[in-house]
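Quick note, the sequences are listed as chains A and B, same order. So the mapping is simple: my numbering equals the position in the first sequence, first residue as 1, plus 50. So the mapping is simple: my numbering equals the position in the second sequence, first residue as 1, plus 50.
It should be emphasised that the hints constitute simulated quantities derived from the structure, not laboratory data. Positions of the beta carbon are idealized from the N, C-alpha and C atoms, including for glycine. Just so you know, not all the hints are guaranteed correct.
When the alpha-carbon atoms are kept at most 25 Å apart in a straight line, the in silico PhoX-like pairs for lysine-lysine are as follows [what the hints assert, rightly or not]: (1) 264/B - 153/B; (2) 159/A - 108/B; (3) 108/B - 264/A; (4) 264/A - 153/B; (5) 264/A - 159/B; (6) 70/A - 141/B; (7) 141/B - 264/A; (8) 70/A - 93/A; (9) 141/A - 152/A; (10) 152/A - 139/A; (11) 141/A - 264/B; (12) 79/B - 108/B; (13) 173/A - 139/A; (14) 173/A - 159/A.
Per the computed footprint, the stretches of chain A lying under chain B, defined by three or more beta-carbons under 8 Å from a beta-carbon of chain B, are [said to hold, decoys possible]: (15) 218–232; (16) 245–253; (17) 280–290; (18) 316–325.
Protein chains: 2
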Amino acid sequence: MRVFNFAAGPAVLPEDVLAKAGAEMSDYKGSGMSVMEMSHRSKVYQQIFDTAEEALRKALQIPEGYKVLFLQGGASTQFAMIPLNLATKGKAAYVNTGAWSKKAIEEAKRYIDTDVIASSADKNFTYIPEVPAVDQSLDYLHITTNNTIFGTKFSRLPNTGNVPLVADMSSNIASEVMDMSRFALVYAGAQKNLGPAGATIVVIRDDLLERAPKEITPTMLRYTTHSENGSMFNTPPCYTIYIIGLVLEWILAQGGVAAVEKANREKAAMLYDFIDQSGFYSSPVRKEDRSLMNVPFILADSALDADFLSQATAAGLVNLKGHRSVGGMRASIYNAMPKEGVAALVDFMKDFEKKRG
Amino acid sequence: MRVFNFAAGPAVLPEDVLAKAGAEMSDYKGSGMSVMEMSHRSKVYQQIFDTAEEALRKALQIPEGYKVLFLQGGASTQFAMIPLNLATKGKAAYVNTGAWSKKAIEEAKRYIDTDVIASSADKNFTYIPEVPAVDQSLDYLHITTNNTIFGTKFSRLPNTGNVPLVADMSSNIASEVMDMSRFALVYAGAQKNLGPAGATIVVIRDDLLERAPKEITPTMLRYTTHSENGSMFNTPPCYTIYIIGLVLEWILAQGGVAAVEKANREKAAMLYDFIDQSGFYSSPVRKEDRSLMNVPFILADSALDADFLSQATAAGLVNLKGHRSVGGMRASIYNAMPKEGVAALVDFMKDFEKKRG
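All chains should be modelled from the sequences, with the hints used to inform the complete structure.
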């Protein structure tokens, strides 16, 4: 029996995708082999790859003039690639909205003059700070659109003028409609909304590929290495990309990101509304900045946390433990989390409150 | 119906492994979720990870004093990581045995004084050159133990004295018994003998981890970043590691690498012996340096190549086209290629020779 998995990532995937992947495992569509066994240079695999890219372009409504790359190494590798590839003038600005922003900033500091122009560190990252107007001579401005640990998200994008906006979208890519033309570079580890861990999506505007990387940049950490070779300079994470393609087709079959966003807003509202009316549970996050994907919540008495978690697990509601920097609980409710899962969680929370609150 | 897949990588995997992965896809051992959906910080996943590492240690008979890392980015990323992490004195030696060696050398040159002390470029890499005694002040000597494109392999390892021997073992790891204590660092992309593309195995001797990486080295390209965090500094390619674990268990179930080597020698002999006695097919590779994994062979008349390939494909023998730098055909016969596959190939070759030779 499947559980409801509220993990922050790797995370729940659509059941239909898993069923299809399982059925196709030993023989993909009469090819006589598994997708895992296919040469990345073969026609049959190239078609899988192209289908995944097309589905991504369609789902995110990526305008003309952007390359899509399928890379490895996670967002953590992007933290270095961004300054190594984009620092032509030598100065960048970052917004600090939590743990992952901080990591991006620390890595950038090693390669580029890095200015943190806004931060919500003063209130343990429970809100999204105002982003001031940016110096137009910057190489780029970096934001984290959704903060997995703290449960915040940008609801309005900063206006950067001509400064390229670079965004870590790992935990809310394809979860709500975003105007991709506002971004110059978007990156996301796949393991939250798009598929299994092991692939990193990069959407990069063509003009950024004309910037010369720093001389010290390893070949594999240059965007052009991958953009000039259709992400096949070396063997890509083929099977992971295949699953990403299936997940994107599932998104399109739901009606695209707009339909998925509608469902996400309903799921999130169900949970936040219940929390807000409760005297026992509370959300640490400012209302207008709340994530649709990651919902941290606190029990009135933290001595009950362990009990809550063990009873939830017994009820098939798993991975609800909050991150240590926030405490309490966190329900990650990505695209693939069914409405029934959130309803079951709310029912469980009501019941727990009644018995123990 | 499954075909016999002679691709150079990604490549054939054991049918039993695929069947197991397919069956466990939607619900891994009653966990209620797919391995793809598991948090890498969960107990259930940590056990999968530890089992894979233990199986690798057992299969390769890795002595005490080595760390095993599961990384991303392929051998191509190692080409940079090795000089970035190991260059303390500032000089390394490389042996050039073909395309992948050359790529390793080109990347190393960007970071360290690189001396190519032996090469078989003079005869299009159809043999393994003698490696002279090495200067004991070198940071390391780098070799490629098996050359996927040219079909050669080191049958005797160079004696490096106290100089660390670093080896790209991507295409023959776990295919024959090797004395791991001879190596200071071994790396391999998983996608030939170990699993799907998307994970890179690094086996590194503890003393190499004490060398300070160059200041410019990105965090994700430092070995210590991963060795100090059990390969979980960030999210590893979890599902790929799970499949690698299944493949390693399959190797152990065959009787370990010694038993697999015996089968590999039989398969290779079947093919090489047939080629050598034939007047129609020929091997470009010097006998004593022939790979057990990748078998290039040439037809007497290259005008028949296209015919050979199309008839082979029709007979369920696929991906036999040779690399453009060698021409002709190449049969990659990794661990998971069954003896029946090689027998079927030899039968087909006999038949083709009779009809067209």
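So, going through the hints one by one against the coordinates:
1. 264/B - 153/B: Status holds; Cα separation ~20 Å.
2. 159/A - 108/B: Answer violated: residue 159/A to residue 108/B is near 42 Å, above 25 Å.
3. 108/B - 264/A: violated (42 Å)
4. 264/A - 153/B: holds (20 Å)
5. 264/A - 159/B: Within the cut-off at roughly 16 Å; holds.
6. 70/A - 141/B: Between residue 70/A and residue 141/B the Cα gap is close to 51 Å, so the pair fails against 25 Å, i.e. violated.
7. 141/B - 264/A: Answer holds: residue 141/B to residue 264/A is near 23 Å, not above 25 Å.
8. 70/A - 93/A: holds (21 Å)
9. 141/A - 152/A: Distance ~17 Å between residue 141/A and residue 152/A Cα, so the pair holds.
10. 152/A - 139/A: Holds, at roughly 22 Å.
11. 141/A - 264/B: This hinted pair holds, its Cα atoms lying about 23 Å apart.
12. 79/B - 108/B: Holds: residue 79/B and residue 108/B sit about 24 Å apart, inside 25 Å.
13. 173/A - 139/A: The given pair, whose Cα atoms are some 33 Å apart, is violated under the 25 Å limit.
14. 173/A - 159/A: With Cα atoms ~24 Å apart, residue 173/A and residue 159/A stay inside 25 Å; holds.
15. 218–232: violated (count 0)
16. 245–253: Three-residue rule met by the region 245–253 of chain A, so holds; n is 5.
17. 280–290: holds (count 8)
18. 316–325: violated (count 0)
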